[in-house]
Amino acid sequence: MGKHSTRTTALIISAVVLLLSVCLWSLVIGSREVSLDEVLRALTDPAASGTAVESIRLRIPRTTLGLLVGLALACAGVLMQAVTRNPLADPTILGLNSGASCAIVISMAFAGLTRPSQYVWVALIGGGIGAVLVWWIGSMGRGGTSPLKLTLAGAVLGSMFSSLTSAILLPRIDVISSYRFWAVGGLSGARFATILPLLPLFAAGMILAVFSLPGLNALALGDDLAVGLGSSLRRTRFIAWSAAVILCAASTSLAGPIGFVGLVIPHVARLITGPDVRKVFAVSALLGPLLLVSADVIGRFITRPSDVEVGIVTAILGAPVFVALVRVGGKGSRSSAERRTHAHSVTEVQP
Amino acid sequence: MPKRSAETVRLKTEKVHLGYGDFPIIEGLDLQIPQGKIGAIVGPNGCGKSTLLKALARLLPVQSGSILLDGQAISSLPTRSVAKIVGILPQSPSTPESISVEELVARGRHPHHGMFGGWDHTDDTAVEEALRLTGLSDLATRAVDTLSGGQRQRAWIALSLAQHTDILLLDEPTTYLDMTYQLEVLDLLAELNISRGTTILMVLHDLNLASRYADWILALKDGGAAAVGSPSQVITEDFVRSVFRLDSRVTRDPDTGTPVVTPLAQHSLAALRAKADGAA
Numbered sequence: 001m002g003k004h005s006t007r008t009t010a011l012i013i014s015a016v017v018l019l020l021s022v023c024l025w026s027l028v029i030g031s032r033e034v035s036l037d038e039v040l041r042a043l044t045d046p047a048a049s050g051t052a053v054e055s056i057r058l059r060i061p062r063t064t065l066g067l068l069v070g071l072a073l074a075c076a077g078v079l080m081q082a083v084t085r086n087p088l089a090d091p092t093i094l095g096l097n098s099g100a101s102c103a104i105v106i107s108m109a110f111a112g113l114t115r116p117s118q119y120v121w122v123a124l125i126g127g128g129i130g131a132v133l134v135w136w137i138g139s140m141g142r143g144g145t146s147p148l149k150l151t152l153a154g155a156v157l158g159s160m161f162s163s164l165t166s167a168i169l170l171p172r173i174d175v176i177s178s179y180r181f182w183a184v185g186g187l188s189g190a191r192f193a194t195i196l197p198l199l200p201l202f203a204a205g206m207i208l209a210v211f212s213l214p215g216l217n218a219l220a221l222g223d224d225l226a227v228g229l230g231s232s233l234r235r236t237r238f239i240a241w242s243a244a245v246i247l248c249a250a251s252t253s254l255a256g257p258i259g260f261v262g263l264v265i266p267h268v269a270r271l272i273t274g275p276d277v278r279k280v281f282a283v284s285a286l287l288g289p290l291l292l293v294s295a296d297v298i299g300r301f302i303t304r305p306s307d308v309e310v311g312i313v314t315a316i317l318g319a320p321v322f323v324a325l326v327r328v329g330g331k332g333s334r335s336s337a338e339r340r341t342h343a344h345s346v347t348e349v350q351p
Numbered sequence: 001m002p003k004r005s006a007e008t009v010r011l012k013t014e015k016v017h018l019g020y021g022d023f024p025i026i027e028g029l030d031l032q033i034p035q036g037k038i039g040a041i042v043g044p045n046g047c048g049k050s051t052l053l054k055a056l057a058r059l060l061p062v063q064s065g066s067i068l069l070d071g072q073a074i075s076s077l078p079t080r081s082v083a084k085i086v087g088i089l090p091q092s093p094s095t096p097e098s099i100s101v102e103e104l105v106a107r108g109r110h111p112h113h114g115m116f117g118g119w120d121h122t123d124d125t126a127v128e129e130a131l132r133l134t135g136l137s138d139l140a141t142r143a144v145d146t147l148s149g150g151q152r153q154r155a156w157i158a159l160s161l162a163q164h165t166d167i168l169l170l171d172e173p174t175t176y177l178d179m180t181y182q183l184e185v186l187d188l189l190a191e192l193n194i195s196r197g198t199t200i201l202m203v204l205h206d207l208n209l210a211s212r213y214a215d216w217i218l219a220l221k222d223g224g225a226a227a228v229g230s231p232s233q234v235i236t237e238d239f240v241r242s243v244f245r246l247d248s249r250v251t252r253d254p255d256t257g258t259p260v261v262t263p264l265a266q267h268s269l270a271a272l273r274a275k276a277d278g279a280a
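If you're matching them up, the sequences are chains E and R in order. Residues 1 to 351, numbered by the working numbering, are exactly what the first sequence covers, in order. Residues 1 to 280, numbered by the working numbering, are exactly what the second sequence covers, in order.
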């Protein structure tokens, strides 16, 4: 036990140090070179001016957005995987990304929206509608919501929205070209004017999430035992699901649909911490921003002076890192086949 | 040693109807669960043993009638308060990947914590005690999914022990275990009953084991109680024939004096071979 917690502490401290350095790097790197000295001046002296200081000030909201989006997506991923007890669940099954994409395409094609600041609200509304529909369909029928019904509803509605999106897009070359930039997902348009109004959403999502964590630990033991331990299934699922929806809605509205972070960061965190959802959540809240800001910095670095958007880089960068981590192994590295052989099968059939 | 509580009742059902949708399973059952005793629910597959157990643990709403805990409808009580009195070990709980024995057992403390109630000394003591009683202290840091079947079942029981409830319901705690492990688990539950006075009610398939380890037996058939009473009262040749549709001989165990059910000789390879030879 002691050995593991020392190792965990060391890993967490290095993640914090890495995160701080990456943030600093994110302020330095870009089409215009600046020195660390100028970064410090821009951060500490509000009266400072000059072109270097100006470009640093543009990179501050971008870095902030990277932190927020990484945090939101990774934490939402933890919640989704815990609620559905499905290790492959990620924010896309909320119905949110596909709903937001659909709304964006509709607004571009039929309402002629072109300004990214307008996209934020359209995506928020579309994503919200998608998420509510998934929850509604997932709780139909006897017994209310179940992990399987929610996952199915998410998958079905996701396909429906994607088809609708494609149907609208195909004949409209003009819309395709502006849509594809949104659909890749990126931080380049970040400005405090659009980030600040959504800050309360990020905060509300995180608070709700923290409230759902003890219940999610009970839920991991199966529905029956969770109730037996005094946990309310409906309340835990609803709070965790709402938190995930709010976090993803806020981040998708600002940065477009960014995949991979929500799927993979919870697994990496679990390799470090073991299965306690509270610990997985805390470590994901650290690693999500680390991956996203790193990906953004690397995207700016490799093709200077132009950018590769963060939505593309996260997976290209993250996949090899993930594979390496799984190979090195951690607390959660036992094969699932081994567990399956021990899994109990239910034989008594209730009429 | 805490003395066994007098014959009182905390948990009971009154004319309870249970079922799924339009399909009735238990109809109008009145049952009082005596405190401080070990009870076994037996009956043929599909007779509603697990359904009744789930309802007693408020996992399944009643269709009509009521389930009372200390005189109040169990569904109206705060679920966390119920979880401090009644514990249930379902038939197939799910094991979080790579969870250690200690962590699993610690989750039994869930009802004793508030929203952010911290882990304290009482929790440590409860977990240590549960590990010691189940003989798992040495395996505390092992991953549950690397344990043998018997050890794993003991880990789940340890979780229930850490929950520290007065009443413990178990759904087929011996299923999938070999004979030694079955006895080990039942010994453990008997010791728990003796040392803590915990009221135990479990679903068991094996009539002989139920006779050995239970103070009282409830037999379910056709939506109601076919028999309730001590093992020697309930387990008879007529009973086995009417409830399980099986011709058997009921004898007494020479050591324990409890009933032993042996199916008649026609259910054997030798008898079936002889019959086939006779026909040919």
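Derived from the structure by calculation, the hints contain no laboratory data. Everything numeric in this text was worked out from a predicted model, so none of it was measured. C-beta: ideal position from N, C-alpha, C; glycine also. Please note that a few of the clues may not be correct.
Computed from the model, here is a short list of chain E residues facing chain R with C-beta under 7 Å [said to hold, decoys possible]: (1) G128; (2) A218; (3) A220; (4) L221; (5) L225; (6) V227; (7) G228; (8) G230; (9) S232; (10) A285.
Negatives, chain R to chain E, calculated, CB over 10 Å [to be verified]: (11) E14; (12) L68; (13) S81; (14) I99; (15) S100; (16) E103; (17) H113; (18) S195; (19) W216; (20) G224; (21) Q233; (22) H267; (23) G278.
How the hints compare with the structure:
1. G128: violated, 27 Å
2. A218: Nearest chain R Cβ about 5 Å off; hint holds.
3. A220: holds, 4 Å
4. L221: holds, 5 Å
5. L225: holds, 5 Å
6. V227: Holds, because the Cβ-Cβ distance from V227(E) to chain R comes to roughly 5 Å (cut-off 7 Å).
7. G228: Holds, because the Cβ-Cβ distance from G228(E) to chain R comes to roughly 4 Å (cut-off 7 Å).
8. G230: Check passed: Cβ of G230(E) comes within 3 Å of chain R, closer than 7 Å.
9. S232: holds, 6 Å
10. A285: violated, 17 Å
11. E14: Consistent with the label, E14(R) stays out of reach of chain E, its closest Cβ about 22 Å off (over 10 Å).
12. L68: holds, 18 Å
13. S81: violated, 8 Å
14. I99: violated, 5 Å
15. S100: violated, 7 Å
16. E103: violated, 7 Å
17. H113: Label violated. Min Cβ-Cβ 7 Å, cutoff 10 Å.
18. S195: Non-interface label stands for S195(R): nearest chain E Cβ at 22 Å, farther than 10 Å.
19. W216: Holds, since 22 Å exceeds 10 Å.
20. G224: holds, 15 Å
21. Q233: The claim holds: Q233(R) sits with its nearest Cβ about 26 Å from chain E, beyond 10 Å.
22. H267: Given a closest Cβ separation of 21 Å, the condition holds.
23. G278: About 35 Å separates G278(R) from the closest Cβ of chain E, which puts it past 10 Å; holds.
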